[in-house]
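J.: Sequence:
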Amino acid sequence: MFSRPHHQRIETLLQGLDASFLADCGCYFAGGTAIALQLGEFRRSDDIDFVCASVEGYRRLREAVFAKGFEALAKRALPLLRPIRADQYGVRCVLGDAQAPVKFEIVREARIALTPGKERIGGVLLLSREDLFAEKLLANTDRGLDRSTLHRDLIDLLVMQMHWGPIPDAAWRKAREAYGESVDKALGQVSELLRQPARLRECLEAMDCDAGTRAALEAQLLGSH
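The sequence shown: position 221 = 221 (my numbering), numbered continuously.
I should point out that these hints are in silico values taken from the structure, not numbers from a laboratory.
Among the clues, some could well be false.
Unchecked claim - Below are the DSBU-like pairs computed for lysine-lysine, each with C-alpha atoms no more than 35 angstroms apart in a straight line: (1) 103 x 68; (2) 185 x 118; (3) 75 x 103.
Using the sequences and the accompanying hints, generate a full structural model.
T.: Below is the structure:
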């Protein structure tokens, strides 16, 4: 059981998904929410994100959604706030209600190959740690300099390393093969932004990070500031 009410709602929604069908399609729970839920809910995360790198698997997902809508992905009725939509880039909808909406998305991953992890949350299979790292490296390169993201991809990467150790070589390799030197350049540029005390604290506050995580990140990034 998770302690944050919104995370409890997310877990309930995950439990209603057809975990076997998603896994058979090579579709794995990933993104910031999957990371936060594995790492003691160190921050609030609002969405449900899956990734699918399998051409055949994504074709099956698209066909199922075209035929049955969101019912194709669930084993019981779930509250659908906005209709499901699917295109070449992914499948998306909004679950829950107006007071507590949860964005749901399956991203068609065409940049790197993906492998499943061994862990599950709410019954659904998680993306491997190696690929969670790789996806975050790519995300930071895509949007890390966008202030509206709160630089959360780098913050997630730092917390992941606190708990899981250094970024795996295989994750670096996948990210660099996809995006080249821009992966390293983006890390450096976003790190510089987060070394500004006011900006770091603003981001950690907005992300509702817990006190222990805030202290650890401030010590790592700010040092003697």
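J.: Each hint should be assessed against the structure and marked as holding or not.
T.: Hints and how they fare:
The hinted pair formed by residue 103 and residue 68 meets the criterion: a straight-line CA distance of about 19 angstroms does not exceed 35 angstroms. Pair hint residue 185 plus residue 118 holds up; C-alpha atoms about 32 angstroms apart against a cutoff of 35 angstroms. For the suggested pair residue 75 and residue 103, the alpha carbons sit about 19 angstroms apart, so the restraint of at most 35 angstroms is met.
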